[in-house]
Amino acid sequence: MARDLGELNREDFARYKDDVKKEGKSFFPRALFHDTVMSLVVVCVIVALAAIWYFDADGVKSGILGPWYTEPADPATTSFVPRPDWYFYFLFYLLRIFKWPETVFIATVGIPTIALILLIGLPFYDRRRERRPSRRPVAMVAAVLTVLSMAVLTWKGATAKEALGSELVAFVPEWAQEQGFADDPQAVKGAELFAQSGCLNCHTYLGQGAGNLGAPDLSSIGQTNEATYFVRYLTNPAAFGNTVMGSYAYLGQENLDALGAFLAASKGG
Amino acid sequence: MAKKSKRGTLVETAVLAPLDWVDERTAAVRGTKWFLFRNVPRDISWAQTLGSATLTAFIVQTLTGVILAMYYEPSSSINPTTGKPVAYSSIEAITNDLTLGWLVRGMHRWGASVFIILLFLHMGRVFLFGAYKYPRELTWITGVFILVTGMLLGFTGYLLPWDQTAYWATVVGINLNGTAPFLGPWLAQFLATGPEIGSETLAKWYSLHMLVLPGAIIGLIGVHIYLVTRLGVVSPPWSGERAGRERAEAAPTGARAGLVRGGTSGGGK
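Residue numbers (my numbering), protein chains in the order written: chain A, 1 to 269; chain B, 1001 to 1269.
Each hint should be verified, as a subset may be incorrect.
To be verified - Derived BS3-like pairs (lysine-lysine); straight-line CA-CA distance at most 25 Å: (1) A:Lys17 / B:Lys1033; (2) B:Lys1204 / B:Lys1084; (3) B:Lys1033 / A:Lys25.
To be verified - Have a look at the derived ranges for each label pair, beta carbon to beta carbon: (4) B:Phe1190 / A:Pro112: 12 to 20 Å; (5) B:Thr1026 / A:Val47: 30 to 38 Å; (6) B:Val1011 / A:Asp126: 52 to 60 Å.
As the list claims (entries may be wrong) - Looking from chain B toward chain A, a few residues come up when the C-beta cut is under 7 Å (computed): (7) Ala1053; (8) Phe1127; (9) Ala1180.
The hints are simulated quantities; they were obtained by calculation from the structure and are not laboratory data.
C-beta: ideal position from N, C-alpha, C; glycine also.
Could you put the whole structure together from the sequences, leaning on the hints where they help?
Written out as structure tokens, the structure is:
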């Protein structure tokens, strides 16, 4: 008695086509009229956003919708906090949740890939003929949870604050004591540079820092090498096969030596 | 009388003959009629305009993008007159000097966000209506690919102004790709085009943003619209007069026989 799903589906669709043919309205002009009105609204909204953005801002001075542009790109800046466009905020925030180097790929690749597979596969694992939302509780709950989590992640990403260099410098005496380099002025200077130069936008150090991009924790990096090695590394990370990290050669030799001393003194407390 | 009718016939022939000539070879006229003069369910309304609204936002992106491409220069070398990167200077010139350039750039910038929002709303509507089910699975899948390509367009376009926001967001973005297992470092290398993000990166992203990805998304949108036209749009699933609704096919026998309205399925009610 039970007929197979394909047969029922084809019957449904045949009935749909029949109904549309007999009871439907013409796409042109009746449905197209709604479409045209909606499209005009869309164009007006875009023009309005452009106008508000332009007239409220002035050059690099931000208005309610942001500035026309920020300062020219400068690879040597270290204090700039990177921020993607709003529709990548959810990904941006996922990175802060999975910030340890071993787990960062869960946020960057794992979750987006799974989400994409679930999205593409939807018509194949949800094979019921039922279309009414009231009869599809699982689908509706899943949709609400998806929308909520995306909204929360986007909101958290939008309001997330990176720690500023000026705040991180306050930790230097604590680090110096824990790592035992308080009596080494060069290492202390290096620690201050480390806090101010944006290193902690990617790296972590004794519980501080963002842990972005799979950058390793540096709390005990001093166990691995000596100061001169770190100086060479900072000058040209690419030469060590690290294409993620940029060169810090612009800091100057004296500062690099200080950073090297600081890193060499960081033996994990 | 007969003379006038003859002239009318001549005029009609003069107008229709070229159309017939084209139609005989391409079926373009039949195709247009097929697209415009089809029936759609009579209970569809504003909710089903989100797809065409998304298309409108995309057309805005195409037109403004073409104009921007005429004035934008994808180079990070320093413009000797302004002392700023060439790409940045061209964005400044488009915003400040070009007649209505601010409007074109503003519409492109904000149109991108509107496009993404509409993509998500349209997808939400399709999910709510269960419109991804048989036989529209491939329409859904092409739609998912349109969403992904749209987000990639946003990601590649973000770098082009070559300001601090653009540069640092892209550094992070490229590094995120680098965290993927196996292909990650290769992908990051490809996107960055070398150890540092510079002119070659900019040229590559410009090419992706205005040749590769638009080509891909236009193809996907074409398939998507063809499928929508071929398979039709669904009625709201809760609508009492939805196309394809199930009817009491055979009159029940026994005591309730007389209580069921007579009539065949697909009657003009």
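Here's how the hints hold up against the structure:
Between Lys17 (chain A) and Lys1033 (chain B) the CA atoms are separated by roughly 18 Å; this keeps the pair inside 25 Å, and the hint holds. Under the criterion of a C-alpha separation no larger than 25 Å, the hint pairing Lys1204 (chain B) with Lys1084 (chain B) is consistent with the structure, at around 20 Å. Taking the CA atoms of Lys1033 (chain B) and Lys25 (chain A), the gap is about 15 Å. The hint holds against a cut of 25 Å. Separated by about 19 Å at the C-beta atoms, Phe1190 (chain B) and Pro112 (chain A) satisfy the suggested range of 12 to 20 Å.
For Thr1026 (chain B) and Val47 (chain A), the hinted distance range of 30 to 38 Å is satisfied, since their beta carbons lie about 36 Å from each other. The given range of 52 to 60 Å is respected by Val1011 (chain B) and Asp126 (chain A), whose C-beta atoms sit roughly 56 Å from each other. Because the closest C-beta pair between Ala1053 (chain B) and chain A is about 5 Å apart, less than 7 Å, the hint holds. For Phe1127 (chain B), the interface hint holds, the least distance from its beta-carbon to any beta-carbon of chain A being 6 Å, beneath 7 Å.
Given hint, Ala1180 (chain B) at the interface with chain A, holds; its Cβ is 5 Å from that chain's nearest Cβ, closer than 7 Å.
No hint from the list above goes unmet by this structure.
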